[in-house]
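Start from the sequences and build out the full structure, keeping to the hints where you can.
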Amino acid sequence: RKEVEQDPGPFNVPEGATVAFNCTYSNSASQSFFWYRQDCRKEPKLLMSVYSSGNEDGRFTAQLNRASQYISLLIRDSKLSDSATYLCVVSPTDSWGKLQFGAGTQVVVTP
Amino acid sequence: DAGVTQSPTHLIKTRGQQVTLRCSPKSGHDTVSWYQQALGQGPQFIFQYYEEEERQRGNFPDRFSGHQFPNYSSELNVNALLLGDSALYLCASSISGRSRNEQFFGPGTRLTVL
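If you're matching them up, the sequences are chains A and B in order. As numbered in our numbering, residues 1 to 111 make up the first sequence, in order. As numbered in our numbering, residues 1001 to 1114 make up the second sequence, in order.
Hints listed in this document are in silico derivations from the structure and should not be mistaken for laboratory results. Note that the Cβ used here is the ideal one computed from N, Cα and C, for glycine as well. A few of these clues could be false.
30 Å max Cα-Cα, derived DSSO-like pairs, lysine-lysine [claimed, not checked]:
{"id": "1", "chain 1": "A", "residue 1": "K45", "chain 2": "A", "residue 2": "K79"}
{"id": "2", "chain 1": "B", "residue 1": "K1013", "chain 2": "A", "residue 2": "K45"}
{"id": "3", "chain 1": "A", "residue 1": "K79", "chain 2": "B", "residue 2": "K1013"}
{"id": "4", "chain 1": "A", "residue 1": "K45", "chain 2": "B", "residue 2": "K1026"}
Facing chain A, a subset of chain B residues (Cβ under 7 Å, in silico) [what the hints assert, rightly or not]:
{"id": "5", "residue": "A1038"}
{"id": "6", "residue": "F1045"}
{"id": "7", "residue": "G1084"}
{"id": "8", "residue": "N1101"}
{"id": "9", "residue": "G1108"}
Now the structure itself:
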């Protein structure tokens, strides 16, 4: 079983619509959680950290469910520029060490 | 404020050769991690360096080795290259002791082994 699992998609989303997807993780000792965004053939870029109480950053909302070991990301009012692969990331420690990545969920926003 | 930089951007080698990749962390960052990303996969952790020592290592063979210099920059060395080593190699920097393990990535080095 993979440590972090994601639906690979693609999620085809009309511009202006809302899209949501999640990932599951296997290590219950995971401490930190993140969503990264990766454009084709580019490096991953930190989109947002995910906090236990859930958090929002503009059009993006992240939720964490520790009991069920899943993390979700919701994108409202999708823009063409939101087309990318979204990587779910967990860390077994809060302050250092490896990040464990899912294989990514591809989102394609269409006009 | 310069971000994470890596060199070279692209590299082509043949099986059995050795390669060295370089990384300079963001200003103020003291920790460097290396990842390998194969096509269609998420990045896989190779190792992390802090205070010039390897602090943690992923499931990679000893052919993968690294170094961190006093200025926090780092090198990744891969010996006896295999076809399967073809991948995007990413360097990430962070600040040790911060409340969360946020890591920031460089543009990567795309290695092709023929």
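Results for each hint:
1. A distance of roughly 18 Å separates the Cα atoms of A/K45 and A/K79; the hinted pair therefore holds under the 30 Å criterion.
2. With a CA separation close to 28 Å, the supplied pair B/K1013 and A/K45 stays within the 30 Å bound.
3. Proposed proximity of A/K79 and B/K1013 is contradicted: the alpha carbons are some 40 Å apart, above 30 Å.
4. Distance restraint check for A/K45 and B/K1026: the Cα-Cα separation of roughly 14 Å lies within the 30 Å cut-off, and the hinted pair is therefore satisfied.
5. For the restraint placing B/A1038 at the interface with chain A, the shortest Cβ-Cβ distance is roughly 10 Å, beyond the 7 Å limit, so the hint is violated.
6. For B/F1045, the shortest C-beta to C-beta distance to chain A is roughly 4 Å, which falls under 7 Å, so the interface hint holds.
7. The beta carbon of B/G1084 is not positioned within 7 Å of any beta carbon in chain A (closest approach about 17 Å), and the interface hint is therefore violated.
8. Taken as an interface hint, B/N1101 checks out: its beta carbon lies about 4 Å from the nearest beta carbon of chain A, inside 7 Å.
9. Hint status for B/G1108: holds, given a least beta-carbon distance of 5 Å to chain A, under 7 Å.
Violated hints, listed in ascending order, are 3, 5, 7; each of the other numbered hints is respected by the structure.
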